[in-house]
Amino acid sequence: MNVILYSEDNFVWTSMQEIIPGLVDCWKEVSKRRGEEVLLLNLDADDLKSHMPSLLKCQNLIVTSFNIKISNAVVLIREKLGVDARIHFHLHGLASVGCWPLFEFGMGRLLKKSDVFYSTCKRDAVAFKLTFENARCEIVPFHSSTIKSSKRVKSDVTTFVYVGRLAEQKNLHQLLWVCALVNKEHSNLKYRLKLFGKGDDLGSPNMDIPPIDYLNFLKKEIEDLNLKNVSLEGFVERNKLDQWIIENEHVFISPSLHSDENFGIAALKSLMAGSTAILSDWGGHTDFKSEFKNAVSLISVKEGSYGPCLDPLELKNAIVDKLENYSINSISTDNYSFERVVSKYEEILSQQDRGSTEDLMRSTLSIDVQSKRNKLIGKRQCHCFESYSDEMAQDFFRAYGMSDQIVRSEISGELAPWVKDSGFVDPHKGKVENIKRNELLTNGWIY
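So in numbering that gives the first Met the number 0, the last one in the sequence shown is 446, and the numbering has no gaps at all.
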């Protein structure tokens, strides 16, 4: 008996409205192929007591997302009912914060070496090892049914496309600034940038940095920089947007520095449709380079005194290169197909034995993150780091791709539009004071 735990509480993130049902479909198909019974429990509606006979027979307990309802269900099944089921746990964004919610909500203490954890990219798996060195972590990507069209519409100029939340951590304010640099220095190169999505009003909750009405910030930046070739397209219903991605030639672009950018489903859809991409070398983006080769240009993520950042010069050069050397993506892959992903889960299940029943050994770093969170906690439950300069956070940033500092021999001296020598508020990093001149370079705030 395989029991799948499911909740729509995490659907506040639009991508999860696609990802979580997709995971459910995969595990139901795995159970079908293996001839095993499967029970889908919607913890928003189902009464666990009415399913006791099935729960007592459970051999694989599949956790498709995490919240307090799911944690309570796992505690009930594993501890109170004493069911010796192997947990299959999809991490989503937990690895980049030391998995503290697992322990805060109660199920972390019940985890065993025999349980299996699922990351969607290599760097998320590296981040997960900062919490449990001896845990079993499998890398299985999300699947996509996006196909290539033989009749894609080619626009009169190159079209760059961003699809996702209009959120401070997505670093779109730097993208707009860099577009202004391109327009000024390469006025002969014509292009447009379309931004699809809506705001999330979250800011940087791990750092307790409040949102700044980011949508209006972007609108003002577009106006102030005279970016007539940039448009905010708003939220477009998924099916319509997916069809547009398939039918229209474009270059996908995402300079995201989001703390849990563990995959990139929008980028994947564009790549599978035959587009090329410019992506931050961060989290899940990195794996697309090995899969789609030269179709993906990665922008290195640098270490600043205020956490991860991009060099505006490197981002500008990548955009110019796409404009001067435009190409389509001829690479096809089935590694993200439903069939391939299901087969991967099936392979993992077929290889497993009962394994060790030893408790997982939690790292000191993870314990310290939870301890700090409990000291910092206020209105925002996610607050677990003091700032982007917090030394604890740097370990997770490095796991996700942050490397050496920005080093340049030539600097134009042009500051990002929101930067002031006397101090300023960065949309992503929050309040900045007493900044040294060299820090403007190493944090990506000067061109």
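Treat the hints as calculated values from the structure; they're not laboratory data. Where hints are given, some of them may not hold.
Here are the computed lysine-lysine pairs in the DSS-like style, where the Cα-Cα straight-line distance is at most 27 Å [what the hints assert, rightly or not]:
hint: 1; residue 1: Lys147; residue 2: Lys111
hint: 2; residue 1: Lys315; residue 2: Lys343
hint: 3; residue 1: Lys321; residue 2: Lys227
hint: 4; residue 1: Lys111; residue 2: Lys153
hint: 5; residue 1: Lys111; residue 2: Lys193
hint: 6; residue 1: Lys227; residue 2: Lys189
hint: 7; residue 1: Lys374; residue 2: Lys321
hint: 8; residue 1: Lys218; residue 2: Lys374
hint: 9; residue 1: Lys111; residue 2: Lys121
hint: 10; residue 1: Lys153; residue 2: Lys121
hint: 11; residue 1: Lys128; residue 2: Lys147
hint: 12; residue 1: Lys153; residue 2: Lys374
hint: 13; residue 1: Lys239; residue 2: Lys183
Label-pair ranges, simulated between beta-carbon atoms [what the hints assert, rightly or not]:
hint: 14; residue 1: Ile327; residue 2: Gln380; range: 37 to 47 Å
hint: 15; residue 1: Glu35; residue 2: His185; range: 54 to 64 Å
hint: 16; residue 1: Ile327; residue 2: Lys56; range: 49 to 59 Å
We treat Cβ as the ideally placed atom computed from N, Cα and C, and that holds for glycine.
Each hint, compared with the structure:
1. The straight-line distance between the Cα atoms of Lys147 and Lys111 is roughly 43 Å, outside the 27 Å bound, and the hint therefore fails.
2. Taking the CA atoms of Lys315 and Lys343, the gap is near 39 Å; set against the 27 Å cutoff, the hint is violated.
3. Between the alpha carbons of Lys321 and Lys227 the distance comes to roughly 20 Å, so the proposed pair stays at or under 27 Å and holds.
4. Restraint check: the Cα-Cα separation between Lys111 and Lys153 comes to about 53 Å, which exceeds 27 Å; the hinted pair is violated.
5. With a C-alpha separation of about 46 Å, the suggested pairing of Lys111 with Lys193 is violated against the 27 Å cut-off.
6. A hinted pair counts as satisfied when its Cα atoms are at most 27 Å apart, and Lys227 with Lys189 qualifies at roughly 11 Å.
7. As the CA atoms of Lys374 and Lys321 are separated by approximately 47 Å, the hinted pair breaks the 27 Å bound.
8. Restraint check: the Cα-Cα separation between Lys218 and Lys374 comes to about 37 Å, which exceeds 27 Å; the hinted pair is violated.
9. Pair hint Lys111 plus Lys121 holds up; C-alpha atoms about 22 Å apart against a cutoff of 27 Å.
10. Pair hint Lys153 plus Lys121 does not hold up; C-alpha atoms about 34 Å apart against a cutoff of 27 Å.
11. Distance hint between Lys128 and Lys147 is unfulfilled; the C-alpha atoms sit about 37 Å from each other, more than 27 Å.
12. About 54 Å separates the Cα atoms of Lys153 and Lys374, which puts this hinted pair outside 27 Å; it is violated.
13. The suggested pairing of Lys239 with Lys183 is violated, with an alpha-carbon distance near 34 Å, which exceeds 27 Å.
14. A C-beta distance of roughly 45 Å is found between Ile327 and Gln380, which places it inside the suggested range of 37 to 47 Å.
15. Take Glu35 and His185: their Cβ atoms lie about 58 Å apart, and the range 54 to 64 Å holds.
16. Checked against the hint of 49 to 59 Å, the pair Ile327 and Lys56 passes, with Cβ atoms roughly 51 Å apart.
Hint violations for this structure: numbers 1, 2, 4, 5, 7, 8, 10, 11, 12 and 13, all remaining hints satisfied.
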